[in-house]
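> Since the structure of chain E is provided, determine the placement of chain R on it from the hints.
Protein chains in written order, with numbering that gives the first Met the number 0: chain E, 0 to 452; chain R, 0 to 452.
In short, the hints are calculated from the structure, not lab data.
Don't take every hint at face value.
The list makes no distinction among identical chains, and a pair is therefore deemed to hold if it is satisfied within one copy or across any two copies.
[What the hints assert, rightly or not] Taking lysine-lysine and the BS3-like style, the derived pairs with C-alpha atoms no more than 30 Å apart in a straight line are:
no. : residue 1 : residue 2
1   : K134      : K98
2   : K369      : K434
3   : K361      : K253
4   : K111      : K301
5   : K121      : K241
6   : K363      : K334
7   : K361      : K230
8   : K253      : K241
9   : K369      : K170
Number of protein chains: 2
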Amino acid sequence: MSDRPDAQRMETIVSLCKRRGFIFQSSEIYGGLNGLWDYGPLGVELKRNLKNYWWRVIVHERDDVVGMDGSILMNRAAWKASGHEDTFTDPMVDCRSCKARLRSDQLIDKGKGKQCPVCGGKDLTEPRSFNLMFKTYVGATEDEASLTYLRPDTAQAIFVQFKSILEISRKKLPFGIAQIGKAFRNEINPRNFTFRSREFEQMELEYFCRPEQGMKLLEYWKEERLRFYEKIGIPRDKLHVKTVSDEERAFYSKGTYDIEYDFPFGRQELEGVAYRTDYDLRQHQAASGKSLEYFDEDTKQKFIPHVVEPSAGVDRTVLALICEAYAEDEAPDEKGKMETRIVLRFHPRIAPIKCAVFPLLKNKDPLVAKAKEIVDLLRPHMFVFYDESGAIGRRYRRQDEIGTPFGITVDFETLGEKDAKLRDTVTLRERDSMKQERVGIKDLASILISRIA
Amino acid sequence: MSDRPDAQRMETIVSLCKRRGFIFQSSEIYGGLNGLWDYGPLGVELKRNLKNYWWRVIVHERDDVVGMDGSILMNRAAWKASGHEDTFTDPMVDCRSCKARLRSDQLIDKGKGKQCPVCGGKDLTEPRSFNLMFKTYVGATEDEASLTYLRPDTAQAIFVQFKSILEISRKKLPFGIAQIGKAFRNEINPRNFTFRSREFEQMELEYFCRPEQGMKLLEYWKEERLRFYEKIGIPRDKLHVKTVSDEERAFYSKGTYDIEYDFPFGRQELEGVAYRTDYDLRQHQAASGKSLEYFDEDTKQKFIPHVVEPSAGVDRTVLALICEAYAEDEAPDEKGKMETRIVLRFHPRIAPIKCAVFPLLKNKDPLVAKAKEIVDLLRPHMFVFYDESGAIGRRYRRQDEIGTPFGITVDFETLGEKDAKLRDTVTLRERDSMKQERVGIKDLASILISRIA
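Bound-form chain E, shown alone (with noise of 0.2 Å):
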């Protein structure tokens, strides 16, 4: 697949989204509020599952990562320190004519001069410098002294509570703190559906080292999160790394590598891997008068710790995700004809729902209960739809369309009517390939949970 935009595809995937409960437009019923989103009932747990994934290979599964979760809110010191109240702007104009908000540095020249994208006016102003960081008051008095930021990142949580943890979680280097969390960026403009908007979640690491560490950390940082993304059902080729060059990298940075996707909307980040150097804990220690050294009790020395950060965005992944799972195919109807079949094919680890359970029939008394049995029975396992309503092929499709990737069909051989031998068997469904094998009850959770694991 090409990085070409492909806006026909977007539209489709966005109304899916909202069609099917992954994504709605926030506080939609009074028309909504730019660049802000809710997550519906399968977006929700789509997001979940990535970010507890995420949680489980960087923190669980490490003896060398621990987690925080900081508030949102912190002393505006943190921001002065960090740099962001001075220079974590946009350049932005104003259209004359319409009154429009731009961002100078996306405006196209067509050799004639910056037009306006709204009403085509040339009449803009010079650009000025635009925090993009969400100003509120912290008190009772709204004056210099309250005034704080929402964070823009949740990086700065983890590099002021560095010593903190430090101490107490008796980790030597290379060791890291990760955090997922929500971040908030007052974007000139939002666009491209949830890649960026005002509101997004984060998930990072800030993974502490020796200087003599970073580049090759940086490398290895860089390995692990492709993986991470393969492991989600993001295929190798469709992720790209760019270097990113001197002039365009943040002046402490010594490497930092973006990972991106080939989005409908063309090639866009998804998370980028940056070797920060000393330069956030030098600003803090700077800043607060506090030591934020690490004494290495082998080499007797006492030095900064330098930062390798895998930033990853959590909305921009799942928009990746429905983006990736999102396919069209054949698939026969009820009485056998051939039919479009959409299908998100979600590699099962992050699934929305792992399985849904029918009784063929809802008015047949002994289906049903088994059908229930079932649902009881896996429950303690993973999340479970049960569906009684319409024709079995109707509710396979429904389940398609939302990437569950096993279906269970309680029919009359599981009450043994038919032959003895297949009484307490079910046929299980799988979502891409459409096949049925038939399964005994007793055996269902452990193929499943090895099957989704």
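Relative to the frame of chain E, chain R by itself:
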């Protein structure tokens, strides 16, 4: 236990929370920010376990509830309609002597007029309404049109999406929408550690029903929620159900229960279970002009559903879990002498770390290798901690203090050096009883999985 405040116990708990990395002050190196807290490596695990268990019980194990995850920033119109913009206020007074800002309803009048609790002065201003919502501006201008608030509860996000979710989820009444997320209140006096903070997480369920079901479902959910707290290790006799009186209840509520817990600082609310009638949906329908009615296919009636809301605080429940778990008892030290042991008796279900694995000695490679094998064996199923440093008794003590329910020790018997029959067995120690049993490595996973389920 009485509801008499126990300041010393609370101090001990706060100090343990910091020392072992459960909870830190936000932005501590910058002097903190009043009413804001960060969760450290153990706190974040405890909080995740609580939230995941709530989600499992409320969403995954029920056919009648779906989840959602709405944005923190919403269209201001929602907060006008809900009544928050006009009435979500506390009465505030200033002390003219020391400039303290105080909640006038919390001042104690000792018969000689109200007094400032900070300086003792009596020169107080008249009370005035202070709105507890944090303000911010979405977009490039700071004017009325771009003003909005950080949400003060998660409930309104649910009401505003009620119709969208009803349509896509094909649910019939009664059914619920659940959400876990952050909310913000600019408290005049944050207090009692994380109990009353300015940023907190809520676990809210809005359970929609027919009007005639409301009072019965209020009772049902009160009982369900009491059972929940028991299942996470808060015994029934430490919980108190307060029937909120007509005077204290919101005017639109036909019945509200507070579920309270005996904190060391007094009896305080963990959760409110409120029958809110159709107030919220009616307000949003009127303000948005969009129908939020339900159409009953059986009776052909159209009506605005009523709602019962169990609304729990994540942070205060975490605090209750820590307070409830904290205990001091006696245990033998290395030489058999009895000493005071600090232990957090968390229910295994919510304990941050489920199991610690120790090689008896860290300088014996076969012990270390076997211990690491066990770590790899258990990691797919639970959060496991590996610790090789210090005397084994000290390692037990460290885990007791953070509430790890199980400890596994790999010793020379595990290697089969003393008795071939004991090869590949380990000691499994239970935290509270400190009893040790000899268990085969191959049985460890299933034994532990059943005990932490």
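> Which numbered hints turn out to be false for this structure?
Violated hints (numbers, rising): 3, 4, 5 and 7; every other hint is consistent with the structure.
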